[in-house]
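A.B. asks: Protein sequence lines correspond, in order, to chains U and F. If you use this note's numbering, the first sequence corresponds to residues -19 to 333, in order. If you use this note's numbering, the second sequence corresponds to residues -19 to 333, in order.
Check each hint, because a few of them may be wrong.
Because identical chains cannot be distinguished in the list, a pair is counted as satisfied if it fits within a single copy or across any two copies.
[To be verified] Here are the simulated DSSO-like pairs of lysine-lysine, each with C-alpha atoms no more than 27 Å apart in a straight line:
1. Lys236 x Lys246
2. Lys77 x Lys262
3. Lys76 x Lys246
4. Lys246 x Lys64
5. Lys204 x Lys236
6. Lys204 x Lys54
7. Lys262 x Lys64
8. Lys262 x Lys204
9. Lys38 x Lys(-16)
10. Lys310 x Lys(-16)
To be clear, the hints were calculated from the coordinates, so they are not data collected in a lab.
Protein chains: 2
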Amino acid sequence: MSQKVRIALDAMGGDFGASVVVPGAAISLTRHPDSEFLLFGDSALINKQLDLHPALQKVSRVFHTDIAVSMHDKPSQALRRGRKVSSMWLAIEAVKKGEADVAVSAGNTGALMAMARFCLRTLPGIDRPAIAAIWPTIRGDSVVLDLGATIGGDAEHLKALAVMGSAMASVLFDLERPTVGLLNIGVEEIKGGEEIRAAAELLREMNSPQFEFIGFVEGDGIGKGAADVIVSEGFSGNIALKAAEGTARQISEYLKAAMSRTWRSKIGYLFAREAFRSLRDKMDPNKSNGGVFLGLNGVVVKSHGGTSADGFAYAVDVGYDMVRYDLLNKINQTLNRGGGALGGTPTAREAVS
Amino acid sequence: MSQKVRIALDAMGGDFGASVVVPGAAISLTRHPDSEFLLFGDSALINKQLDLHPALQKVSRVFHTDIAVSMHDKPSQALRRGRKVSSMWLAIEAVKKGEADVAVSAGNTGALMAMARFCLRTLPGIDRPAIAAIWPTIRGDSVVLDLGATIGGDAEHLKALAVMGSAMASVLFDLERPTVGLLNIGVEEIKGGEEIRAAAELLREMNSPQFEFIGFVEGDGIGKGAADVIVSEGFSGNIALKAAEGTARQISEYLKAAMSRTWRSKIGYLFAREAFRSLRDKMDPNKSNGGVFLGLNGVVVKSHGGTSADGFAYAVDVGYDMVRYDLLNKINQTLNRGGGALGGTPTAREAVS
């Protein structure tokens, strides 16, 4: 890693392309002045935006390409049309070539994962990549993974997720030995499926100095902050994330409706405006923007496609932290301590292929 | 079914036993005066409560037993200790013997499911039971199942869930042809696992007059009311429910904290008190209390263990509706229309055994 953190941006990604990506990078730069940027995409559009952000312009290089992956392209289409030529591919490839330390894109998740896998390949000892995100909880933030990169998976896969997720948590939250919980259900006698119980045994045996395994966590334990890292195969992890997001949106709609119903409630709203602002702040999806692709030879961060410049800036921040605090080395160290056990039989079905 | 709806109650179930069950039944009786009750448990405790509710007392019979299943008993323990003698078992058995139309218990879910399965057996054409619940959405209520009775399951199992869930939705919400969606994730190219895609094909082919299959629904679609019935295997369904509950609790804690932070926000709260009350009402977990066990030769309703009398009353209401509007016959009719196809190879792993 060079002194500066070199961030490759897919300037065409997301619903708004350069008009969100460039201002977002400018915001992140004010927080991390030791960043520099490689911007891939339509140079006319990018330069128009850069002209408005001279500080960013000074630390940016622009690489032109006409080709952008659309939000609706299927992964296979994106690979066919966009490999080696699209802004998304070129940003990832900059990481592979060692010209950048991390790539950030607000482009479509399936395409981004397919390209990242294809271009960067998985780490030795890791069969399947994962998507991890930051989940705001009552006790602070947690890392939750996998959010949908891989459906299903055996105990070794879940163990690899624990290793990668705890490395990310220690980097992001500056924790020596983050706690790790396995997402499970609590209805039945012998909890969960065989692979979850087997993973619990593996993690207990492992007794890793890198993380503390605390056992099973139910769906409502995530928001309580029951563990710093919550591990799940990708299907259930995605369902948990989306169900929580849906509930948050639902409640904020109820709240808005309730506050505008009568003159009394409107006055109440005016008095409590600051309180509502702090609530909105806590629930702000921008702040937890940035899904991190783990398990690859390089770091790729996925921003929400519909995010604002503020939201994109948070995704860039996440990418910055991953590089500055050396995520990949931490993962590799833990993998090596864990011996050759990681990897196992490749039974996880890949969602992106 | 007799003229009256005959409801068997496990008066010892839940964290508070008779002191919640009896007042809860009294509340439900005011809404459905054509109910009568069979109460199983410690007759001294039950009668003490009944003395306070003379209207309920008139339509109740008490059956004494000393034995109660504890909230911490494992299903196998509960069966060993409580079969044929516990208040939980006797309430279920009353349904089997035709002495009651429905059983309601706030006792522990695993034990209740084990006993219900053992005593009532599954419906012909149904391999595995399911737990369904009412999920409040922006567009009104939906039915979501399975919430954890069975982990995993093939396409036929998911189809059976669609049949049972849509019967429940048409009974509860008075819908001619409720919409049904399959819970899935949207990250990857070919969505979800094989069994979900196969189930989608089955449901499309079926083109049932009892329900309209609308395709896949993601986790955040549940709260939007994307379908009247959301179908999932039990692991993901449970994770979705718990993640949503956890988020609702988290936000209400944020809100409470925000509203009591400054004098301005406290004044605002006073003005908007009615609005907050209506919000609390909308988010009230009591109102969606009552998990319905589907797929058995008889209806069993599970109330939350920690619920209040109001919450227990809602669970009794759900049981009443199921009987009054003839849930089991609706399920059987749809199963028979579907031909002998339902049932399939029993590949679902049972969570309760």
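A.B. asks: Now, for every hint given, state plainly whether the structure supports it.
C.D. replies: Here is what the structure says about each hint:
1. With identical chains, the CA atoms of Lys236 and Lys246 are at most 27 Å apart both within one copy (10 Å) and between copies (18 Å).
2. For a Cα distance limit of 27 Å, the shortest separation of Lys77 from Lys262 qualifies neither inside one copy, at 38 Å, nor across copies, at 54 Å.
3. For a Cα distance limit of 27 Å, the shortest separation of Lys76 from Lys246 qualifies neither inside one copy, at 55 Å, nor across copies, at 55 Å.
4. In the homo-oligomer, the alpha carbons of Lys246 and Lys64 never lie at most 27 Å apart, since the shortest distance is 55 Å inside one protomer and 58 Å across protomers.
5. Taking the closest pair of Cα atoms, Lys204 and Lys236 come within 27 Å of each other both inside a single copy (25 Å) and across two copies (16 Å).
6. Taking the shortest alpha-carbon separations for Lys204 and Lys54, only the inter-copy value of 25 Å comes in at or below 27 Å, while the best intra-copy value is 36 Å.
7. Neither within a single protomer nor between protomers do Lys262 and Lys64 lie at most 27 Å apart by alpha-carbon distance, with minima of 40 Å and 52 Å respectively.
8. Taking identical chains as interchangeable, the C-alpha atoms of Lys262 and Lys204 lie at most 27 Å apart whether they share a chain (14 Å) or sit on different chains (22 Å).
9. Taking the shortest alpha-carbon separations for Lys38 and Lys(-16), only the intra-copy value of 14 Å comes in at or below 27 Å, while the best inter-copy value is 81 Å.
10. Taking the shortest Cα distances, Lys310 and Lys(-16) sit within 27 Å of each other inside one copy (19 Å), while across copies they are farther apart (67 Å).
Violated hints, in rising order: 2, 3, 4 and 7; the structure is consistent with all others.
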